[in-house]
Amino acid sequence: MNILVFTKRVAATQEEELRITGEGQAVDLSKVPFKVNDWDNYSVEEAVRIVDKAGGSVTAISIGDAESDEVLRRAIAMGAKDGFLVETGEALHDPFTRGELIRGFIDKEKVPFDIILTGVQSEDDQFGAVGGVLAGLMGLPYASMVIGIDAVETDHVVIRRELEGGLQEKVKVATPCVLSIQSGINEPRYVSIMGIRKASKVERKVFKADGYEKGSPKIELVKWVYPEKKGGATMLDGELADVCGQLLGILKEKGVYQ
Amino acid sequence: MSYTLIVAEVRRGVFEERNLDSLGLGALLGAQSVLLVPDGAYQVPDKLVDVVLKVKAAEEAYLNPMNMGKILEAVFAARGKPDHVLFTQSSSGTESAAYAAGLFGMPVITDVSGYDRDAGVFLKSYYSDKVFGQFKAAGAPAVLTVRSGSFREFAAEKAAAAAAEAIEGAAAVEARTFVEYVEEEKTDIDITKAEFLLSVGRGIGNQDEVAGYEELAGALKAVLSGSRPVIDKMWLPKARQVGTSGKTVKPKVYLAMGISGAFQHIAGMKDSDCIIAVNKDPGAPIFQYAHYGIIGDIHKVRDKLKELAKG
Ligand SMILES: Cc1cc2nc3c(=O)[nH]c(=O)nc-3n(C[C@H](O)[C@H](O)[C@H](O)COP(=O)(O)OP(=O)(O)OC[C@H]3O[C@@H](n4cnc5c(N)ncnc54)[C@H](O)[C@@H]3O)c2cc1C
Ligand SMILES: Cc1cc2nc3c(=O)[nH]c(=O)nc-3n(C[C@H](O)[C@H](O)[C@H](O)COP(=O)(O)OP(=O)(O)OC[C@H]3O[C@@H](n4cnc5c(N)ncnc54)[C@H](O)[C@@H]3O)c2cc1C
Numbered sequence: 001m002n003i004l005v006f007t008k009r010v011a012a013t014q015e016e017e018l019r020i021t022g023e024g025q026a027v028d029l030s031k032v033p034f035k036v037n038d039w040d041n042y043s044v045e046e047a048v049r050i051v052d053k054a055g056g057s058v059t060a061i062s063i064g065d066a067e068s069d070e071v072l073r074r075a076i077a078m079g080a081k082d083g084f085l086v087e088t089g090e091a092l093h094d095p096f097t098r099g100e101l102i103r104g105f106i107d108k109e110k111v112p113f114d115i116i117l118t119g120v121q122s123e124d125d126q127f128g129a130v131g132g133v134l135a136g137l138m139g140l141p142y143a144s145m146v147i148g149i150d151a152v153e154t155d156h157v158v159i160r161r162e163l164e165g166g167l168q169e170k171v172k173v174a175t176p177c178v179l180s181i182q183s184g185i186n187e188p189r190y191v192s193i194m195g196i197r198k199a200s201k202v203e204r205k206v207f208k209a210d211g212y213e214k215g216s217p218k219i220e221l222v223k224w225v226y227p228e229k230k231g232g233a234t235m236l237d238g239e240l241a242d243v244c245g246q247l248l249g250i251l252k253e254k255g256v257y258q
Numbered sequence: 259m260s261y262t263l264i265v266a267e268v269r270r271g272v273f274e275e276r277n278l279d280s281l282g283l284g285a286l287l288g289a290q291s292v293l294l295v296p297d298g299a300y301q302v303p304d305k306l307v308d309v310v311l312k313v314k315a316a317e318e319a320y321l322n323p324m325n326m327g328k329i330l331e332a333v334f335a336a337r338g339k340p341d342h343v344l345f346t347q348s349s350s351g352t353e354s355a356a357y358a359a360g361l362f363g364m365p366v367i368t369d370v371s372g373y374d375r376d377a378g379v380f381l382k383s384y385y386s387d388k389v390f391g392q393f394k395a396a397g398a399p400a401v402l403t404v405r406s407g408s409f410r411e412f413a414a415e416k417a418a419a420a421a422a423e424a425i426e427g428a429a430a431v432e433a434r435t436f437v438e439y440v441e442e443e444k445t446d447i448d449i450t451k452a453e454f455l456l457s458v459g460r461g462i463g464n465q466d467e468v469a470g471y472e473e474l475a476g477a478l479k480a481v482l483s484g485s486r487p488v489i490d491k492m493w494l495p496k497a498r499q500v501g502t503s504g505k506t507v508k509p510k511v512y513l514a515m516g517i518s519g520a521f522q523h524i525a526g527m528k529d530s531d532c533i534i535a536v537n538k539d540p541g542a543p544i545f546q547y548a549h550y551g552i553i554g555d556i557h558k559v560r561d562k563l564k565e566l567a568k569g
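Just so you know, the sequences run in chain order E and F.
With my numbering, letter number 239 in the first sequence gets 239, and the count goes up by one each step, no holes.
In short: position in the second sequence from 1, add 258, done, that's my numbering.
Derived from the structure by calculation, the hints contain no laboratory data.
Incorrect hints may have been included.
Said to hold, decoys possible - Some residues of chain F that are not near chain E, with every Cβ distance over 10 Å (derived):
1) Q290
2) D304
3) K305
4) K314
5) G338
6) E353
7) D376
8) A414
9) A419
10) A424
11) E441
12) I447
13) G476
14) F545
To be verified - Label-pair distances were calculated between CB atoms; the ranges are:
15) E:G231 - F:E438: 39 to 45 Å
16) E:D237 - F:E275: 37 to 43 Å
17) E:G89 - F:D561: 47 to 53 Å
18) E:R197 - F:A398: 50 to 56 Å
19) F:A419 - E:D28: 50 to 56 Å
20) F:A316 - E:D237: 33 to 39 Å
21) F:H557 - E:G231: 25 to 31 Å
22) E:L240 - F:D531: 23 to 29 Å
23) F:D448 - E:S57: 44 to 50 Å
24) E:M194 - F:I447: 39 to 45 Å
25) F:D341 - E:D28: 33 to 39 Å
26) F:D448 - E:G231: 28 to 34 Å
Quick caveat: nothing in here was measured; it's all calculated off a predicted structure.
By construction, the Cβ of each residue, glycine as well, lies at the ideal position given by its N, Cα and C atoms.
Let the sequences and hints guide you as you build the complete structure.
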């Protein structure tokens with residue numbers, strides 16, 4: 001089994017204030033820390049587990065600037081054999097263009113694979129589209145929201161897809177295929193700083209994105225805007241004890257606490 | 259004639275309610291609206307669209323992105339290409355939308371929650387609703403997935419019931435086949451029945467902190483629930499998850515601690531009578547949905563509440 005797993009470096013904005021610059025041209029990420037996309041952490045782990053059982057090797061691939069090497073080292077520390085960086089300087093907001101670039105890369109470099117794994121979505125743009133676009137472009141079978149891989153056979157896999165409200169569906173998918181992995185599918189292993197340091201000794205190959213065929217973007221980002229303000233909450237202000245007292249008062253008023 | 263193709267989401271005999279948002283966006287787009295549904299006894303709101311287009315396909319085949327590719331091919335052949343193809347923002351909706359985009363070379367914009375008709379731009383969430391991007395599709399047909407709750411008020415009744423059309427489905431593909439549904443395991447705690455939920459998010463930091471929130475829940479006589487990351491990390495059992503892929507809850511009070519307010523979470527709790535959010539980030543989207551908010555460290559709030567509740 002050769003598994004390609006796509007892993008992306010994203011801005012960790014959950015606790016950050018985001019500023020739109022100019023007339024909505026950009027989002028200022030200069031002071032925001034970066035990390036591996038949460039979903040990709042699960043898919044790298046899943047790839048390594050499949051190979052541990054079925055044999056073969058895992059290749060981690062990232063598209064981005066030189067800094068994305070960080071997520072490749074991480075994947076190698078988790079058990080990937082190779083790390084490929086497809087280096088691009090320009091912003092690729094369009095998941096379609098990204099899918100085309102990945103197809104172009106796999107075709108031209110003749111990268112062998114049985115299964116391609118992506119995350120369900122990136123934390124930052126939440127398009128959730130790259131895996132599906134890639135499968136459509138390459139004419140490969142596809143499944144998303146994969147929350148369990150129950151069997152890996154020579155010509156197919158049996159997986160479970162997460163639907164809404166706790167329901168799942170079991171699906172048989174022929175290989176080679178593309179699967180988009182949902183968070184929670186496994187418990188990703190802990191990666192130590194020592195492990196990453198060791199992984200840096202494994203050579204990562206760098207490819208230039210300009211070398212691969214892709215069309216012009218199919219969607220255009222016109223501008224960035226802040227969300228429309230809804231009603232908004234009544235903020236409880238004051239010292240900690242005072243604020244907590246007010247909160248208990250609300251609970252009493254609502255009749256859920258005496 | 260230009261038209262909007264609305265791909266209905268159906269599941270186990272039910273026409274999903276979130277289709278109404280696709281119908282609403284369809285109305286805003288203004289072209290003839292054509293609702294695609296598989297053959298079957300679905301309750302289709304046929305006054306809200308111009309055409310109901312039935313395709314001969316079993317439900318499981320219809321929900322399979324590879325079959326959907328074949329079905330779309332048949333629709334395009336019979337009616338010409340639409341300007342827009344709308345799917346629901348859901349597990350199967352996004353799966354088929356992205357796949358179809360790749361297959362036919364169509365632009366795709368997911369999680370669309372707004373449309374500016376004058377500017378012709380679609381609003382798409384970034385960073386869990388902290389900012390939005392305004393997007394234009396550079397070609398037609400464009401594929402869009404529609405966020406639940408965003409457009410249903412625009413779905414307008416037409417004077418007459420929809421015209422009925424039908425197409426033959428294609429032979430089911432073998433590369434991907436449905437095996438069975440797997441139900442969630444039943445547990446003794448049902449968070450949908452609780453009057454008071456204390457819900458914790460990734461902001462609690464690590465597993466060791468969970469016990470402290472269990473104690474707080476005990477002191478307040480609340481039931482403990484959580485956002486998806488907390489369940490993914492197995493800090494709380496799956497049955498305690500609030501959100502689209504967990505439970506939809508409507509307690510009297512929903513106290514959210516360390517939860518940012520991503521759409522998938524909000525969709526599962528927004529109809530609670532009273533929402534109280536505690537978060538250290540004043541810009542956290544959850545404050546837009548909460549009735550009361552506290553900006554501060556959740557651990558400090560937890561410890562102080564425990565102290566006051568005992569006293
Ligand atoms: C404010 C802002 C600025 C941005 N600036 C830039 C920029 O300057 N340069 C730039 O290149 N991009 C930039 N991006 C990111 C770019 O917009 C997105 O990557 C693009 O929209 C494609 O969507 P996606 O692939 O991330 O989506 P999804 O479909 O949500 O991603 C799903 C999966 O696809 C795979 N995947 C996606 N992208 C990559 C990747 N890069 N490498 C490896 N695997 C991947 C992963 O497995 C991921 O889990 C920016 C985004 C934002 C919000
Ligand atoms: C298909 C799909 C289905 C999904 N289904 C669900 C679902 O059912 N339910 C769900 O919840 N999510 C779901 N998600 C995930 C969702 O997109 C978000 O990733 C998730 O809701 C984020 O959880 P969170 O708010 O706990 O974490 P984060 O977004 O990381 O937010 C943590 C918050 O804690 C705050 N914080 C941190 N430390 C402190 C502190 N000491 N004091 C105070 N505040 C602090 C931060 O400011 C931040 O706002 C789904 C995603 C996908 C793709």
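- prompt: Is it correct that the beta-carbon of Q290 of chain F has no partner in chain E closer than or equal to 10 Å?
  reply: Given that every Cβ of chain E is farther than 10 Å from that of Q290 of chain F, nearest at about 24 Å, it holds.
- prompt: Minimum Cβ separation between A419 of chain F and chain E greater than 10 Å?
  reply: holds (29 Å)
message: Can you tell me whether the CB distance of R197 of chain E to A398 of chain F sits inside 50 to 56 Å?
response: holds (51 Å)
query: Given a hinted range of 23 to 29 Å, is it respected by the beta-carbon distance of L240 of chain E and D531 of chain F?
result: The hinted range 23 to 29 Å holds for L240 of chain E and D531 of chain F, with Cβ atoms some 26 Å apart.
Cβ distance range 33 to 39 Å for A316 of chain F and D237 of chain E, holds or violated: violated (58 Å)
- prompt: Should the label of D376 of chain F as a non-interface residue stand, given a Cβ cut-off of 10 Å to chain E?
  reply: holds (12 Å)
message: Is 39 to 45 Å respected by the C-beta to C-beta distance linking G231 of chain E and E438 of chain F?
response: At roughly 44 Å between Cβ atoms, E438 of chain F and G231 of chain E fall inside 39 to 45 Å, so the hint holds.
Status of the stated non-contact between D304 of chain F and chain E (beta carbon gap over 10 Å): holds (24 Å)
- prompt: Using the C-beta atoms of D341 of chain F and D28 of chain E, is the stated range 33 to 39 Å upheld?
  reply: holds (35 Å)
query: Was G338 of chain F rightly flagged as not at the interface, with every chain E Cβ beyond 10 Å?
result: The claim stands: G338 of chain F keeps its Cβ more than 10 Å from every Cβ of chain E (closest is about 20 Å).
query: Regarding the assertion that K305 of chain F does not contact chain E, is the least Cβ-Cβ distance greater than 10 Å?
result: holds (26 Å)
- prompt: Can the suggested window of 50 to 56 Å be confirmed for the beta-carbon pair A419 of chain F and D28 of chain E?
  reply: At roughly 52 Å between Cβ atoms, D28 of chain E and A419 of chain F fall inside 50 to 56 Å, so the hint holds.
When the structure is compared with the earlier hints, violations turn up for hints 6, 11, 14 and 20 and for no others.
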